[in-house]
Amino acid sequence: MLRILVAKPGLDGHDRGAKIIARALRDAGFEVIYTGLHQTPDMIAEAAVQEDVDAIGLSILSGAHMTLFPAIMEKLKASGAGGIPVFGGGIIPDDDTEELHKLGIQKIFKPGSTTQEIIDWVKDNVKPAEEDS
Amino acid sequence: MGSDPIAKRNRRRPARRHATISGTELDPVYGPETGVSDPGRPGQYPFTRGVYEDMYRGKGWTMRQFAGFGTAADTNQRFRYLLSEGMSGLSTAFDMPTLMGFDPDAERAMGEVGREGVSIATVEDMEELFDGIRLDEVTTSMTVNCTAPVLLAMYLVVAERQGVTWKDLGGTLQNDMLKEFIAQKEWICPPRPSLRVVTDIIEFCTKEVPRWHPVSVSGYHIREAGSTAVQELAFTLADGIGYVEAAVARGLDPDDFGRRLSFFFNVHNDFLEEVAKIRAARRMWARIMRERFGAKTDRACMLRTHAQTSGAALTAQQPLNNVVRVTVQALAAVLSGVQSLHTNALDETLALPTEEAATVALRTQQILAEETGITNTVDPLGGSYAVEALTDRMEEEATAYIERIDEMGGILEAIEKGFPQQEIAEAAFEFQAASDEGDYITVGVNGYQSGEHDREVEILKIGLEIEDRRRQEVGARKRERDAGALDAALEEVGRAARGTDNLMPAIIDAVRASASVGEISDVFREEFGVYSDPAWL
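In the order they appear, the protein sequences are chains A and B. According to our numbering, numbering within the first sequence proceeds without interruption in unit steps and concludes at 133. According to our numbering, numbering within the second sequence proceeds without interruption in unit steps and concludes at 537.
Take every hint as true, because none was put in to throw you off.
Here are the simulated lysine-lysine pairs, DSSO-like style, with alpha carbons at most 30 Å apart: (1) B:K296 x B:K167; (2) A:K123 x A:K102; (3) A:K110 x A:K123; (4) B:K461 x A:K75; (5) A:K127 x A:K102; (6) B:K461 x A:K110; (7) B:K461 x A:K102; (8) B:K461 x A:K107.
Some chain A residues close to chain B (C-beta under 8 Å, calculated; not the full set): (9) K19; (10) A64; (11) T114.
Since the hints were derived computationally from the structure, they do not count as laboratory data. No residue lacks a Cβ here, since even glycine has one placed at the ideal position from N, Cα and C.
All chains, please: the whole structure from these sequences, using the hints.
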């Protein structure tokens, strides 16, 4: 069973979407670890490693994504978790999406995305993390 | 897709349900046989038809637009612009670090400074925020919760420095921690010490700032988090009950502080339900204050409320449509008899409002006030079979929820168990599923999507240089202060926190010594502990 981390970076307290997605992914058969609110990049990277997840979903509506997402990607790399696919959503202007893709964030879900779209994307794009040899 | 994808996509779908998004089924028609309560008269207990006899004929609602971004100077400019365009009251949006008790130079503030609101760290920032605005000439609402005592203290010190006495100050502090744990999720300390702080503020203001509303008991955020309309109504009033109980336990008189409790509701899409909701709220609160708490005066039984049109109901797609949504929602607010109103800007789903979008939002209210004629008679929908039936029904259903919360031991216990939080999460999940299924159509999102006129709107961008600037400014200010005076003042806050003295005098003294939001919050962290999100789904 694929393990997905759903995380809320930064001080943003809007968790409606993250909780719905976490639950929808769980209902779709994935194992989901929801971090809860107010996660620092360090905390997210640590959770990703400790929970040995296959993918990470980041939810942010505060406008701080252009600082926090790069910081998270760096921490993940530093923890040896740089290969874990990362997707995100929330309030992320189209102008920023390209920058985020360049950083290595594979997919940004815009407002209006259905839970099924997200489930399908995870099914199609997330493979079990490979064992370190 | 079929042979003509455009025609197929835009075909009118048959209505599949006759229910509000909250799940309230509406009857095909309501008539005299429905048997509804007599709504009474406006200005008379229990105020179903309005808190005042003349309502907008006597005094229009306050047009109070929530605003704030970047630096105090940026927001001061937006405040003065909106006031010059006819806004009648100020409403302040603070950034996440300010709201969560972090200074701009704190690590946790990284990326967040000036983004969701204005960055305020010390009283000097607050002075700049109100530069050129006399605090005895405006009323100001401040949307702040766990750091509310600090921001209030700053406002009081600014007033002092302007030569305005506290007894002349009018305004509102949101200061509603119960709904933070339920919905908005801005916290520092656990629920019980948070409630102590809220009560300290109620007690302090009742004595020292008597025109001030020390709490704005809020349903807006509960609804935005995905609750139904009935849950919004029930949990808000349950929170209100919690505050009144705490104030009474403190020895305060409901007829005294009760007159300055204010409320804040959402105005969402389901027009008739929203009007009914506010009317039911007035009737329920009046009865609660009189029957449960023994309030003798009418004034203490009046539910006076601000309202904001729903942000969650707006769309990122085809943003011009949002002007229409906000207009319909604002119409419901006015027809329901609110005292104060914020209308969202069309770009709300994309960023903080541009000046142009904020102007259209304000004009929406002005057009309703000046051009529709609905202000010329009180509660014009009163007596409508549908509206009275819905009012009764909402009262009944919300009362049942409050009874359940009573059985749990009250709202604090219910929050600690996660009851309202989980009800909301359930309702949010159900709505999403129904929307994904196409049971509810959101125009431009899952119906009537068009590539053609989905116009890009220019959005407000907050540059990262603001964060750098704020870090430097605040760092410099901290170095320039009298460190001895500051330490002594913070020590006093700690002492008050450990004991039972009201925290406000010590916080005001600390603020006078240029203590920062972060520094005072650190005292709270030290003395009251740090709350951690239970992460219920």
